[in-house]
Amino acid sequence: QSVLTQPPSVSGAPGQRVTISCTGSSSNIGAGYDVNWYLQLPGTAPKLLIYGYTNRPSGVPDRFSGSRSGASASLAITGLQAEDEADYYCQSYDTTLSASVFGGGTKLTVL
Amino acid sequence: EVQLVESGGGLVQPGGSLRLSCTASGFTFRNYDIHWVRQATGKGLEWVSGIGTAGDPYYPGSVKGRFTISRENAKNSLYLQMNNLRAGDRAVYYCARAQSTADGWYFDLWGRGTLVTVSS
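In order, the protein sequence lines correspond to chains A and B. Residues 1 to 111, numbered by the working numbering, are exactly what the first sequence covers, in order. Residues 1001 to 1120, numbered by the working numbering, are exactly what the second sequence covers, in order.
A portion of the hints provided could be inaccurate.
[Claimed, not checked] With a straight-line Cα cutoff of 30 Å, these simulated DSS-like cross-link-like pairs (lysine-lysine) come out: (1) A/Lys107 <-> B/Lys1043; (2) B/Lys1064 <-> A/Lys47; (3) B/Lys1043 <-> A/Lys47.
Simulated from the structure, these hints should not be mistaken for laboratory data. In this text, all values refer to a predicted model and were calculated from it rather than measured experimentally.
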């Protein structure tokens, strides 16, 4: 069981907007530690998508955005495209575990 | 090209040892914390260890005492010595470059990974 909780799957049609939640606790997200998001295409390494809740690395389209509310964070993807079909992971730091922690991952299906 | 390349994975018996390597290129290796993250087949990502620029290591409880991370800046290399391996350690092991902030760290560059299989 992951310290950060994500829905196992989400789906949406091309052009639609989807959100992926990442729920933590007072020892990680709720404590103010950053949430970062990664995208992983099948058979490839993860790729940084969002860091520090809302920041996009160079080259990441502005269709991807992040937000935080209390002990949770969310990744929003607008204008869904077939190429967005992948696994998405949130990541933060947990002060009780003194460890970097990941969510269990969310599989995005583009219908 | 900015990249990380892992090597050293393979098949090992339960209780055995293995040493993974990660070689960096295209950036100033000594200036960055570098970490290991693993992924069992069909499962999520799990942080395994990290090492700071001063050589200070970090481990989660699940591997503390069994795994040792080290770095050799002159060779732009990171290592992971894994001892007393268990079936649950079977995974693809990625090395990842970390950017440290006041509120944690994130991984902005990943290698392609190396597969470790633990089986008799």
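Okay, the hints, checked on the actual structure:
Among the hinted pairs, lysine 107 of chain A with lysine 1043 of chain B is consistent with the structure: their alpha-carbon atoms are about 11 Å apart, no more than 30 Å. For the proposed pair lysine 1064 of chain B and lysine 47 of chain A, the alpha carbon gap of about 27 Å is at most 30 Å, so the pair holds. Distance hint between lysine 1043 of chain B and lysine 47 of chain A is fulfilled; the C-alpha atoms sit about 16 Å from each other, no more than 30 Å.
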